[in-house]
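From these two lone chains plus the hints, build me the complex, please.
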Amino acid sequence: MAEILVGEVDDFDQDTRVIVEWGTNHEVGVLRVGDEFFAYSNRCLHQGGPVCEGIVIGKVNVNLDNEKRALGRTFSTTELHIVCPWHGWEFDLETGQCASEPSLRLRKFPVKVDDGRVYLVV
Amino acid sequence: MTTPTTQVVRRKLVAGSQDTTELLRHAALQAKRRKFSEILIVDADAHHYETESWPEIVARIEDPVIRLQASGNSTLRGTTSILPGTTSGDIEMSGRIPRYARRVKEDGNPSEPRDVTLIRRAMHAIGIDYTVLFPGPLLRLGFHPSPEYEVQVARAYARWLTEVILPADEHIKSMLYLPFQDPMACLQLVREFGDCKGVIGFLVASYRDRSVHDNAYMPLYAELERRKLPLAFHSSVEWTERTFAVMNRYVSIHALGMPFNHMVHMTNWVINGLPERFPGLRTIWIEGGLAFVPFLMQRLDSVYMMRSSEAPLLRKLPSEYMREFFYTSQPLEVPLHSLDMLRATFDMIKAETQLLYASDYPHWDFDLPSQIYDLPFLTQEQKLRILGENAADLFGLGRNVSS
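Here the protein sequences line up with chains A and B, keeping their order. 1 is the number of the first residue of the first sequence in my numbering; add one for each residue after it. 1 is the number of the first residue of the second sequence in my numbering; add one for each residue after it.
For reference, chain B alone in the conformation it holds in the complex (with noise of 0.2 Å):
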């Protein structure tokens, strides 16, 4: 007996091209059960494959041997001669995850570039108003041995993302990769593109050799907060850097490697006086989670008050800093059986108004808007700060919830 109201839908698993709206189809949902379209949602990390765009790409790389070296492996997403092959591990869990390899398949718009069809096919299945975009394979760019072909890149990225891709929607941002082994091409990237449209502030992808706190920075910070643009740090690992390559599963680089180079710059942030120095300079800390938060809060306060000596341009806790700090919700490490930890978490980093929800979609552990809907222990006002309005006061996005 088959009810009139019963819908039976075949679907196949392997054969023919991912398509994000039936991919995302329980999100929509989702957001249609909590009325989502009548909130401000803002997804402060979100990511694209750029490497599918990588011809268009290359062809803005400014050096004419660099150039010619990227175009001869264009076919070969994320693998190419210029950038750093990965040993980040095994994302897509051996096909358990199969969006990464169905995605390359997904048909664009023909009116539009690829990217912002599949952008808009996941911010409207989400239920998301504003969309901040970072790149993929592009974060790893820092590991390659030598500057120049990182700022060459990252040059060449900026200017196809401030040209084709921002441009085309102005629900989609980008806070723009800094090619970090060069300060001073960080500081003329930010001057070139930071009046760009759609740009709201400026990237470190956080694995890096280089301290936050070395001198040759100063004249960055100083001209970011000049602009009033939020500097943030998207927390990314290394397998092979010699702290992690004692491990040898991904669970393990990922649960540690994330939290654990955001804790290092963090650190350094923070002890050095940076906070104290540039008072203006407003920074967000990307998908490091945030039960590291918590911990790295009393072990600072702890160590600092025996020595503060070391840390003389602090004029208060170093915990006292971090809750001026913004950090991005996702992955939110919600505990199975008891939301104590994560109450207490919130209140640490004082969530209501440093806390950005992000889903870091496509990635393997994206987060819905769900995830913090639905926590019970947040009043409406919370909810409704932590989906959209916190980013949208840092970021000037005004408050209109899109059509």
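Just chain A, with the same shape it has in the complex (with noise of 0.2 Å):
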């Protein structure tokens, strides 16, 4: 194991993406949401898209009511997903998890925190 320095917490807005590249394939995307640090193989399932750089958007719902109407959709607000901005494929932010087929998920990495520091770990 090995933690690799990307910043100060501070230098993370919800804009920013860090990008690790080592050896000759590996490359990580970490980013923040919220007070949350987040770390994934920037490279998509699909296409092998930087998976990492797309937008954070809430999973989008249909509202239904008892008779089963659909009543307009709404972003939620607690399951995030990260969007490859290759061509829109969708992972669950928490899990790296594909939200349209479950089978497939991202690899995830730890990341550390410490003393306003944030460490990928590897």
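These are calculated hints, taken from the structure and not from any lab test. C-beta: ideal position from N, C-alpha, C; glycine also.
Not the full set, but computed from the structure, chain B residues with beta-carbon under 8 Å of chain A:
#1 T6
#2 Q7
#3 V8
#4 V9
#5 R10
#6 R11
#7 Q30
#8 M93
#9 G95
#10 I97
#11 R99
#12 L336
#13 W364
#14 D365
#15 L368
#16 Q371
Each pair of labels, with its calculated beta carbon distance range:
#17 B:F377 <-> A:L64: 41 to 47 Å
#18 B:P167 <-> A:K108: 48 to 54 Å
#19 A:G116 <-> B:P55: 49 to 55 Å
A few chain B residues that face chain A, going by a derived Cβ cut-off under 8 Å, partial list only:
#20 H26
#21 R96
#22 P98
Structure follows, in structure tokens:
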């Protein structure tokens, strides 16, 4: 296990992505949402797009009433997705699970915050 | 602990302009690992946004009244007073695909047309040797209710493309948009621009109220056959079209609409015996995917066997004609869990000789060459044919790989 310093906590805002590359084929994206940090392999499971460089957006839900009539759509405030900017594949921000095919999942990496500094653990 | 080989790069999502090279750096890595630099790759369907050069096109509109009308809204990209407004849906997925909005900020190279710079950047990153360029918003020109507008803008676009874009790079080719509402104008456009540098065929943007077997088009097809120039049908969709107006999501419109319009034209093309009337005219079916082809082959063969009297020009099964058509690969419907159906589809369309790789870049559902190269059921020879050699033979491009 190695810890890679990726920056200060205050360096991150919602539009910041820190990409860590090592070796010949390793690329991980680190992002901050609220007070939480997340890190995933930066290769989309679809065609290899830079998935961590996409937007984070709430899962879209359809509101059904008691008679199962569709009464419009809303964004979830608790289930967030990260969206690959190449083609729009969506993944659960907490788990990396693909929103449309649960058997697919981005590889997740631990992130450690220590004394105001953010470390990627690989 | 940071190892000496670690690189930490900070990126901002929104600020700043787009850099195609940066956006496609993973595509470049794929190309490097697969040694695409040693393989001939022809992109049979890529796009530019000609509306970003709208004033240059408007200046070439011959009718002074339409030219003045068109010039008044040059800053409204894609929604000018001439181009039909888009009701095709949320292509950008509400910002989930950010390159649509960001590309307008991307700088070109001052020494050449901006379009050429952007096209070259994408070609270089993806590993493409030749690109066949098609317009973006102009694909909807045929929806304009008045044929004279379609003719005027199609001719202006052809002039701009052949005067400015195609001469700038011999690796950029195009099949010129035909104003299909006016058959005689189509014929005139072929005669006027068919010999221009970089023009390798002509295009029907394939949502149309017109029937492709209408007698009015026979001189056009004869002229294309005589010149040995292929005719491409590029699918598109229109949400307000009666068939699709009952649908409420773009995912539905796109999934059905793109192959549907191909199926309508392909059925008319085959059943009315166009391949028998013009055996030397090669057709290319672009961006409808491939999954619809086995369905249509089976469906037409089955019905034709019972009702052959309605298609007296045919001398073989509909599917046999369809196996002689050319198809572009994008959007490749790659099954997630089994490739059996895709393999069967490749067999049915005779992909080894009839399939042309296409990226459709920069559109939202673009495909990289690795989509073809990584298919486990293809031999290396088949991959090379699909990625470039089939197109090189079809368009007469030669087999040389770009430096």
